[in-house]
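Mind docking these for me? Both chains are given alone in their own frames, and the hints should help you get the complex.
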Amino acid sequence: MEIRHDQAKKELQISLSIFWDDWERYLDETHPSDKSINYQDNSEEATLLFENYLKQHLRFSVDKQPKTFEYLGREYDLDVMYGYLLIKNIETFEAIEIKNTVLTDFIPDQQNIIHLIMTNGRKSSMTDADKPKAVLKTN
Amino acid sequence: MYKTFYHYLLSGFLLFSSLAFSQETPERAPGHEDINKFKQMYDLLATPNTFRTASGAPGPDYYQQQADYKMDIELDDANQKLYGEETITYTNKSPDVLEFLWVQLDQNVRSKDSKSLLIENSSAPFITTPGRFANQFLKDPFDGGFNIEYVKDINGKDLQVVINQTMMRVDLPTPLAPGQAYSFKIKWWYNINNHVTDRARSGYEHFEKDGNNAYVIAQFFPRMAVYNDVEGWQNHQFWGSGEFALPFGNYEVNITVPADHILDGTGVLQNRKEVFTKEMMKRYEQALNSYDEPVLIVTQAEAEAAEKSFSDKKKTWKLKAENVRDFAFATSRKFVYDMMAVDINGKRVMAVSMYPKEGNPLWEDWSTKAVASTLKSYSKYTFDYPYHKAISVHARNQGMEYPMICWNYGRPDENGKISDRVRFGMYGVIIHEVGHNFFPMIVNSDERQWAWMDEGINTFVQYLAEQEFGERYPEALVGEKTYDKYPSRRGPAANIVPYMSGDQSFITPIMANPEYVRQLGNNAYGKPATALNILRETVMGPDLFDKAFQTYSRRWMFKHPTPDDFFRTMEDASAVDLDWFWRGWFFTTDYVDIRLKEVKKLYITSEPTAKVKAFALENNIDLSKQGPLVYTTTEEEADFNPALKSGSLVASATSLKAYADENLSAAEKAKLPQAKFMYELTFDRPGGLVMPLIVAYTYADGTTEEVRYPAQIWAKSNDKVTKVLITDKEITKITVDPKLETADIDVSNNTWPREEKPTRFENFRNQN
Ligand SMILES: [Zn+2]
Chain A
1 MEIRHDQAKK ELQISLSIFW DDWERYLDET HPSDKSINYQ DNSEEATLLF
51 ENYLKQHLRF SVDKQPKTFE YLGREYDLDV MYGYLLIKNI ETFEAIEIKN
101 TVLTDFIPDQ QNIIHLIMTN GRKSSMTDAD KPKAVLKTN
Chain B
1 MYKTFYHYLL SGFLLFSSLA FSQETPERAP GHEDINKFKQ MYDLLATPNT
51 FRTASGAPGP DYYQQQADYK MDIELDDANQ KLYGEETITY TNKSPDVLEF
101 LWVQLDQNVR SKDSKSLLIE NSSAPFITTP GRFANQFLKD PFDGGFNIEY
151 VKDINGKDLQ VVINQTMMRV DLPTPLAPGQ AYSFKIKWWY NINNHVTDRA
201 RSGYEHFEKD GNNAYVIAQF FPRMAVYNDV EGWQNHQFWG SGEFALPFGN
251 YEVNITVPAD HILDGTGVLQ NRKEVFTKEM MKRYEQALNS YDEPVLIVTQ
301 AEAEAAEKSF SDKKKTWKLK AENVRDFAFA TSRKFVYDMM AVDINGKRVM
351 AVSMYPKEGN PLWEDWSTKA VASTLKSYSK YTFDYPYHKA ISVHARNQGM
401 EYPMICWNYG RPDENGKISD RVRFGMYGVI IHEVGHNFFP MIVNSDERQW
451 AWMDEGINTF VQYLAEQEFG ERYPEALVGE KTYDKYPSRR GPAANIVPYM
501 SGDQSFITPI MANPEYVRQL GNNAYGKPAT ALNILRETVM GPDLFDKAFQ
551 TYSRRWMFKH PTPDDFFRTM EDASAVDLDW FWRGWFFTTD YVDIRLKEVK
601 KLYITSEPTA KVKAFALENN IDLSKQGPLV YTTTEEEADF NPALKSGSLV
651 ASATSLKAYA DENLSAAEKA KLPQAKFMYE LTFDRPGGLV MPLIVAYTYA
701 DGTTEEVRYP AQIWAKSNDK VTKVLITDKE ITKITVDPKL ETADIDVSNN
751 TWPREEKPTR FENFRNQN
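Protein sequences appear in the order of chains A and B. Quick note: the first sequence uses my numbering, first residue 1, plus one each step. Quick note: the second sequence uses my numbering, first residue 1, plus one each step.
So here's chain B without its partners, still in its complex pose (with noise of 0.2 Å):
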């Protein structure tokens, strides 16, 4: 293709092509708004002010408030009882005097008379087991949520609370000025519920063969709910789906446990030499200095004894947390441990990992270096982990996330067989949790409002640092089968496909709730994260993006960002207007379907053409007096010259000739030879979303050449885009999006020539 010749054609020439034919006048149109694709977000997003600017950073009045816990925690592991004490300290940094605070007790929602259960559907089934149908309908419900023996002021007199569900007020007998802070204690005790039954997020998996219990504990204290300039007190209860919101604070927690248990949590131990063996300090201080290979703390073999001694001792372990928002523990005399020094930046990071016998092998060989990977990945493109350790727990079908540890899934069966898919779920899992702990738990957003905040944005650095993590242990890619690249289940724009194309009833946009959002893996965690990829790699490129990208990690490090400060600062650090972008992706369900709609050959001609001289005759145009002129025709025209087939496109057009002759410099003449096919392509859109227009066009030697146009290709007509190309070489074929870049839904109609593609089933069925 030419681009100087072709360019210098369509200015320098009127082309009686379909443009002219196609101006007849509509009946007169009512009027409308500005509908267009590419209509800047004011509508959409808030009024910028002092606490966060148009710029999508934290204003000069950016506040946040702080909570800071002092708790002491006892685990009766022989009934499955977690008894609490609390004093929680809250300083007000608002402008704004507070009357009461909100405390949340998401425990509650395991509460018999809980409203959540009231919310489940509980339809009966047609079919199901006697198990399933005994727990459903016949059994007690589990008596779980929090049993509050106390709420005090610092000087032990009793506050006036009132408990709605999973959130408690405490009314301040005089109110929290600006600047103030106010110190209150609570003390608590619940019933811990098996997370392997209730398919929860916290709770212990009791292993049938040697009675002992793993417990990964979390929400398992009163926590204070988030007081900001959006939404004020974020007391929105906690139904099961949308996660948390949470301020910063400061923790100092000591948990007694059975002396024989292995635990680790937030924070920063702070009685390592009490709770650990001599022979547990002299591996530490080892692992310390192992950059490569983890060192275990306490081995299989160990573990394995410990699950027989059942003491009655208990041990107290002493734990300290600066700047986090939230607080988890693990502990189990099961627990293997291990450990792993990671380099960030010259920082030393600890990678750790605690399983039990039954993760084996695979946890021994993987846990830590994933965590190792991930921590190196996050921070190349957010900002520097900031905490000493991350923690990878195994938790059966857990997949859950606090600061600095995670429970994490992927067991091997009984034989010790690890399937590819047990073996790759569990360092995907272990990536995207270790990854939580960038966004939500540093880049602090309000999970119960917007769900993809921290899932998709996180599972969009999942893909990348699962990509890198096979890149840096190719050994982890050998399974049953051996993988060339890591096999990513979100990020590749072709795996959103079903969803996007899926019935509109049941899709939400991504800017919506997470407690009424339809399909909430695909809403909140695969299109975000497929459209931060496509992002990336199709409308930005990476350079611009990374950029942009770690502006925003690094602005709202340790703070609370909205939507609106993410689709701010991306536009803010790239100079890439997005407006269009995040409109179609983020605030509706329409899909990307890009038609290659009609490719026309075209030839160019000096006489006119029968098609013309009707146009010229209805019209009252006499073309002998327009000078000289130029006509495209097609071989379909009745009156075609076949003729015109032969030699190149100006040596058929002798008004064009004369032109050329005239008017061109010599350099552009020599390439006028090479002008020999021409044609007309239109692209529509039967898709709502805008989205750059790949196209490869496949030439009749065989050799291909991509052309990228922008997303604004579309910007003056948002439904059809109509290019015209000379070339050389006869076109064989044209494909759009021909990588599967875009997330097109129907790439039947990218084709030209069409092709039928065989559908899956038919696949199976010629292969079987």
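So that you can see chain A by itself, here it is in the shape it has in the complex (with noise of 0.2 Å):
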């Protein structure tokens, strides 16, 4: 996940890519008998499904305020599937929180690996299901 502090537009935008083969997983433990999906498409079924799980595995707050952030949408390529969120009124900043379950609730072994762009460098960490919670400080 990378999430790009845009000081001018008072941001954060944030882009996260998932792969189709463990998406496709998720999708086969919840929805077995709902083939007829076809979860490619954009239809709107098929994103809302995306969208409520984002909302269910994610959660950010900035200088420990709770934010909520608005899903912009979703593309994808043969592999990935990427999709892109908002957070707005973002000015200045000392720490950003970030619990993300996305997939390791059933892929044990899945890491998410977060990136912190902003204007003066970039800060990484890392979740997983041992530690879902990062904390990304701006200094």
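Some hints here could point you the wrong way.
Some chain A residues close to chain B (C-beta under 7 Å, calculated; not the full set) [as the list claims (entries may be wrong)]:
(1) Q13
(2) L16
(3) W20
(4) G73
(5) L78
(6) D79
(7) Y84
(8) T92
(9) I113
(10) S124
Keep in mind the hints are simulated off the structure, nothing from the lab. The structure presented is a predicted model; accordingly, all values stated were derived computationally and were not measured. Each residue gets a CB set at the ideal place from its N, CA and C atoms; glycine is no exception.
Structural data, given as structure tokens:
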């Protein structure tokens, strides 16, 4: 996951990628009888499924204040699905906390790497099933 | 650019430029060892010996052990159990006396009390599905693992054994001397696991609709461990990630399954006429001569009829394999079965596929052709495929390899729709797994210690084979979209950038054990495959690389190579010093980031600039006593004379012009007016890896020129390279690594003038 702080726009621009193989594993487990959905369609149903999943599995707080994100959409290539999220009204901050359980609930060894990119440099951290929370400090 | 001319300029004149100004004496620094990036790898490689030579070839005392197996196997389809009895004959070809033998019991990783369950993390998820929660925390674990009924010597006397998880030590009544062979027998059974729910490498898939199982069976028998000159016994436990280390041997295997099953596996089928129907035999004879299209031996209609039969009769399939390191088979009454002949340098090899109807229409169209194409491509880059067949079996979610047979995923959805992802996933996994026949089935590296030696090398050849598959079968590239070349996932340098630029605490060097490697897919597959691709295309060039790579493959065909043997052979056969490359890419987590740090546009003058005058004054230099000099200046300097901007470089420096008149030939002089622009470029390396420096120059008239400096440009000064260019045309743009060949992780510092590229996020937002 990449979180980019756009200082001019006062936004956190978030993009994350998920391998289709892994996403399909999730869909298989949760919707085993519902094979008729073509999950690559941009149908409302398929998109909503992804959006809801992210809303369940991602929590952000900026300087200890919980922040909700806006889901902008997704796109994909052969292997990877990309999701785009936006958190508005973030001017300056000291730390961002991410709770990320995307995929870790059904792929035990899944590791999610998080990059925070700011004008003055970048910070990285990682979450996994054992440690779903990460705090990235801007300094 | 005029190479001869600027060469003369640089050598013939003292250029009073940055050089002179940077010679301030620093504090005396402490000494250091050789830390040059081009230091030879004496500190990293094993000392050559008579087993393995300094050139990377097997030495005069190279040896390898042999393990021969005779097995009788029976499948209980109704209860998903497998019963087996084997006689192992182990031949000690080492110079050492062996007091005991180690036998691998890989199925024990699935035993109820397996310690591998203990090392898996099991923290409580804050959100999960009921089924998953129940499986994880409420259900009894699957009762897998080998049930060993006996281990006896050839006369039926019990042998003393000690089982330590997935390893069994067989204590020999008398030590096994060099050159001796020892035979012993094992009887066992185990509950076969559902590989779909378990995500395992072997097991069965259950088809709810028709009640059938499709079995892909491997690691199903106690197998000898490897004993060699580098590890002694390779008896590192099987935890699940590190695959296998196995000696070569000959196998005779009789497998009894329900009479309506179709079975194939490692080895030559000995009783084809007993197990094939007359119709199947007829089609088989046809397939032997069909080199362009697969011939169905069992049609889908026949497989669908068999699905309903549930025969209680039995049939025994007899297979015999020579010089293989393992054995596996697949069996089901659901299998459609097709074959096609492949010509490998005049030798006939059969490409074979087995798949349940659920794989169609994709599998009948492409599996066997993908197998055939892979055998051709790999044979070209390594050695002629030595076995008589290669089978691709369709098993859900699987991608796993064994000698002559592999399991592959790629299933259309229930309506028969094939997404591009499924399509290219299926081609890719077949090419990869069939490719494993070469690495590690034949070039038999130790997977338990070095995952990259088979996965990385194989993924690299997979990339070449994918591209060639696309060229051989352009119609295979037509799916939802039409691709003009095969969209390979791993291989292209740019694809490894996200991994290489990741947080260092989550990256491990390639030279590490797969059990503790982080991000195994990138570490053992993506990065080494990309590194070899870069080595081939950008560092060595295909000609030198291909010959060296082929030399490695042929030297170690049917043998056990180590990483050192690979590193050494690649240099031995090419005369390209690659120590810097192996050291950086394989032994560290360094990344490539080459930066175009500074571009100075320079002018030449005979008049001392203010900067020079100040320098002279400070250092007590009398410029008038130095003889004729040439000075460089830039537009940024306060006393810059704008007149320098018109005319040729030489014309604006009288001292230089005078020298040229006297010393240059007429031909050289004729070129002088063309020397109009002068640049000083500084490159540095925020990244730890040295790489060839590839620079593209764009001129004011729109033309471009690419210059490739070898990696050794960094040899003397690892951190910084300065280049002076004299051109007849103004340079408008300079780009380092313009075609993204080197996996440079930050290309935003590669261009002059700097260019801001929109992020993926911005691109998406702008389009939507
Ligand atoms: Zn593999």
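Hint by hint, here is what the structure shows:
1. Q13: holds (4 Å)
2. L16: violated (10 Å)
3. W20: OK, holds: W20/A within 7 Å of chain B, min 5 Å.
4. G73: holds (6 Å)
5. L78: Holds - the Cβ of L78/A comes within 7 Å of chain B, reaching about 5 Å at its closest.
6. D79: holds (5 Å)
7. Y84: For Y84/A, the interface hint holds, since the closest Cβ of chain B sits about 5 Å away, which is under 7 Å.
8. T92: It is violated, given that the least Cβ distance between T92/A and chain B is near 20 Å, above 7 Å.
9. I113: With a minimum Cβ separation of about 6 Å from chain B (threshold 7 Å), the hint on I113/A holds.
10. S124: This hint holds: S124/A lies near chain B, its Cβ roughly 3 Å from the closest one there, short of 7 Å.
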